[in-house]
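**Student:** Read off the chains here:
2 protein chains.
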Amino acid sequence: MNAPAWNLRDRQRRERLARAAEVAGVKGRHVATAAIVPLLEAVLQPGDRVCLEGNNQKQADFLAQSLTQVDPQRVRDLHMVQSVLALPEHLDVFESGIAKRLDFSFSGPQGARLAKLVSSGGIEIGAIHTYLELFARYFVDLMPKVALVAAHAADAQGNLYTGPNTEDTPAIVEATAFSGGIVIAQVNEIVDVLPRIDIPADWVDFVVKAPRPNLVEPLFTRDPAQISEIQVLMAMMAIKGIYAEYGVQRLNHGIGFDTAAIELLLPTYAESLGLKGKICKHWALNPHPALIPAIEAGWVESIHSFGSELGMEDYIRARSDIFFTGADGSLRSNRAFCQAAGHYACDLFIGSTLQIDLQGNSSTATLGRITGFGGAPNMGADARGRRHASPAWLKAGEEARAGRQGAAGTPRGQKLVVQMVETFREHMQPAFVESLDAWTLQQQAGMALPPIMIYGEDVSHILTEEGIANLLLCRSDEEREQAIRGVAGYTAVGLARDARMVENLRDRGVIRRPADLGIDPREATRNLLAARSMRDLVRASGGLYSPPKRFRNW
Amino acid sequence: MNAPAWNLRDRQRRERLARAAEVAGVKGRHVATAAIVPLLEAVLQPGDRVCLEGNNQKQADFLAQSLTQVDPQRVRDLHMVQSVLALPEHLDVFESGIAKRLDFSFSGPQGARLAKLVSSGGIEIGAIHTYLELFARYFVDLMPKVALVAAHAADAQGNLYTGPNTEDTPAIVEATAFSGGIVIAQVNEIVDVLPRIDIPADWVDFVVKAPRPNLVEPLFTRDPAQISEIQVLMAMMAIKGIYAEYGVQRLNHGIGFDTAAIELLLPTYAESLGLKGKICKHWALNPHPALIPAIEAGWVESIHSFGSELGMEDYIRARSDIFFTGADGSLRSNRAFCQAAGHYACDLFIGSTLQIDLQGNSSTATLGRITGFGGAPNMGADARGRRHASPAWLKAGEEARAGRQGAAGTPRGQKLVVQMVETFREHMQPAFVESLDAWTLQQQAGMALPPIMIYGEDVSHILTEEGIANLLLCRSDEEREQAIRGVAGYTAVGLARDARMVENLRDRGVIRRPADLGIDPREATRNLLAARSMRDLVRASGGLYSPPKRFRNW
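Residue numbers (this note's numbering), protein chains in the order written: chain C, 203 to 756; chain H, 203 to 756.
For the record, the hints were derived by calculation from the structure and aren't laboratory data. A quick note: this is a predicted structure, and the numbers were derived from the prediction, not measured. Some hints could be false.
The list cannot tell twin chains apart, which means a pair is met if one copy fits it or any two copies do.
[To be verified] Quick list of in silico lysine-lysine cross-link-like pairs, DSS-like style, CA-CA up to 30 Å:
{"id": "1", "residue 1": "K302", "residue 2": "K597"}
{"id": "2", "residue 1": "K318", "residue 2": "K302"}
{"id": "3", "residue 1": "K302", "residue 2": "K483"}
{"id": "4", "residue 1": "K411", "residue 2": "K480"}
{"id": "5", "residue 1": "K302", "residue 2": "K411"}
{"id": "6", "residue 1": "K229", "residue 2": "K751"}
{"id": "7", "residue 1": "K480", "residue 2": "K751"}
{"id": "8", "residue 1": "K478", "residue 2": "K751"}
{"id": "9", "residue 1": "K229", "residue 2": "K483"}
{"id": "10", "residue 1": "K597", "residue 2": "K411"}
{"id": "11", "residue 1": "K302", "residue 2": "K478"}
{"id": "12", "residue 1": "K318", "residue 2": "K483"}
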């Protein structure tokens, strides 16, 4: 019997590197722009697990385009493991047979096309993950054989500067480089001296200069001009009824206008309530422009970021006490650590959703689209491994456990997970439903479970323009259902409430209306916003914030 | 009014670096061994938050000793944020007033002294954390101002090679370097060319060669000679009653002889059950020597590690298909990613504890000791943000939810969290108790909550020599209590069982005895162990495993 081979991975890696070295235009770690397709063909093998860096914001777009151009006879049936499907090319590779299987986290803009590809059998979905979960699997059973990543710059040795939009890159590169895989980076420029080294050249096999700078989406820019007075009202309720009530110091905000309104009320409404220094000091958050007025007013002590935001570079540099920056002054983001921070070091997550059911389960999955969840499940889950206490966490835990017996009564803190939705979203679609579309989608796509983003068991509060339902205080399925119906407004779910039970829940403080919180809806005007336009944000930043063109509407 | 200062952090950093540059023996990043105490005095300021790298295994011991030697008039009231208190010096700094406050994860050998210091008022404890939770706070509200870390080697530029025992270093250095802090590394040697660069010099301010190589503890080495036949029996039950039952492919094992016995039964007992390829393929695990026979028999596909294990270096290098290694062949460990993997990418965590109560809550906290939890809360918690399915996770979730209504009945997977204990531990202390010592300890130390390691709500199975209690199937507090009593043997808790209810639970499969699993306790002999001594392990490794001297007993 032959001795078993224990270093196959290393041998195969050397074989791939040897083939790559034969490609014209490859010199050591440096690959000529025109040589990228032959390089990919030399390095990739059928069935390889490939991480094509698709982030929430930064895209390895040149490598994505190049991958679509390889010969499907030579490179086929790849298993793509990537957090975000943002570009058409991310799906093109499935249509051409270059790729076959997909494990991912989020597919926002490509969700409808993805659903079609799945139903036509053109793509096998392994699973939909939350970001940190996918990164975790990179180290257990989804190690990438080849990683195609994006960095801002490289030097002659192949060291990388990932710059403000570091995002997923460290997690991807570490998992690949130390499991015998091959790392290929596209960069915007090759320079003599990098502002700082983010990824050592030892971890990188090939560097290619892309013909255009990599795409970065300004996903977290919200024009204050579009914030409605309903959103102002809801933000007032969030601040007075939740943030102040629990003394929330460490938090994460989801994307959207609802939470942008909260950010813009801190230096005005929250200041008038005397809350400065008592809430919202530490953030796990991208550099939201809407937070500029609160930062300027001295509300914010620290922000750690998943990624960056276009136009915020100079502002971040000038406010380095607040942001994580390198000695060079530019932002250091890191999605893996920021997700860990969101999970374990924040007391509150507040986000929005498309549908909520009578159990409090919520989902952004709708028929005909497979969009995934991004970071919400990780941050919108009770972190049951957490052991350090804070007043907010203890109070939420006490509310959830008061009067309970046995294992469910053992004292424990709990995370505040708030779903903030208007009862009707655009096109008058109700946010409250008897049954989530997720159930139908599960059938359609043959999933093991319905694609629920945040489970009702983990939600602590539902906030609408009608009021706040505190689910921590509910003690039966019936109470929970009526608490939800009680803030569901004029939706069918809301109209079917048991009015007497809802009033009873209101007496107990399970449901709180604006009036119960001492909030007069007539005061909820746009005048309360610390900035009412993009221009106001730029002004608040002292001219340091420089919004992308599409947001320059003055 | 003066403009507020927004770059104070950077200015203070420069001031500290300027003071350091004045110290004799400091040249750029390089600090002469004898200059370390003056350097610390130049860099540290009263009240600073300091991370002194105390890992589970690797210790920055030279820097720890040096810190005890600074002038307490100049450097005092430090706030230490470090995962492990392993060395006497870690507490000495509190006795001398150099440090005052502590946030940590684990204090195993120093637990008794720590409790004394707390009760005498010599130390303020912020909180006890699980590792990943502490790392998360490094990015939110516990950013270290100064980090004192250990690496294997540095080069002239100050790049670091952390080598096999990378452990916490990347998380500590990233949090410090990008929040305006100062990173000081002790290294065993300065070399011209590092085997690989693990941490770029840009992230490191000072490097000092320690007079002795840093301490590394072989914490995960278990001599098979000490495994008892009771442990063999329990391991057989774990394999047949849990691993095979759920088809557990991805898992983490705690430290100890109980789980070492499982590892050593894979190529023998589990093989005889036809389980090869069906269980135990992917691991989040330090390189346990007890896993060598299973690796050699082809059971294991991959292992990602929190840290390394002394003596396993050559074996790891020769089995690079299995372990995460660099292009240089040495192990790359990373506690942050491995904890994420244990949380999100493993279907089972199995560990041991000192006490379990009638709700299934367990703790290693005992009176007069404050030991902390290490990684157990993170891995022994249901990961409620997880969204990808596996057969093991789905089956556990179905069992837990069958017949439930409302939010608790919404389908969802669940992690298998197994507590494996003999009913009596050493000195005939019962493992099952009516009330955990944690409750008294909470009073003594003024903690907000009792220091529970794993909550009963998160435990799926309790395994003793008497049988397996499947808590997922319990539907009331009373059933849970009797299921626990039903495997608690001759402890007072076990003797107080309701015999009829226990038999009923057995009929329903909630309790399973060895006979119910088709296991004959007479077959549970040491002969089933694939290695029965350290020498056997070395032999199984083909001589590649080289145990530390204290384990060389042949």
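**Student:** It remains to establish, for every hint, whether it holds in the given structure.
**Tutor:** Do the hints match the structure? See the list:
1. K302 - K597: Intra 48 Å, inter 28 Å, cutoff 30 Å: inter-copy only.
2. K318 - K302: within (14 Å within a copy, 61 Å between copies)
3. K302 - K483: For K302 and K483, the Cα distance is within 30 Å only across copies (24 Å; inside one copy 45 Å).
4. K411 - K480: Neither: 48 Å inside a chain and 45 Å across chains, both beyond 30 Å.
5. K302 - K411: within (28 Å within a copy, 51 Å between copies)
6. K229 - K751: neither (39 Å within a copy, 47 Å between copies)
7. K480 - K751: This pair counts as neither: shortest intra-copy Cα distance 36 Å, inter-copy 56 Å.
8. K478 - K751: Neither. Shortest intra-copy (33 Å) and inter-copy (59 Å) distances fail the 30 Å Cα cut-off.
9. K229 - K483: neither (50 Å within a copy, 39 Å between copies)
10. K597 - K411: neither (53 Å within a copy, 48 Å between copies)
11. K302 - K478: between (53 Å within a copy, 28 Å between copies)
12. K318 - K483: For K318 and K483, the Cα distance exceeds 30 Å both inside one copy (44 Å) and across copies (34 Å).
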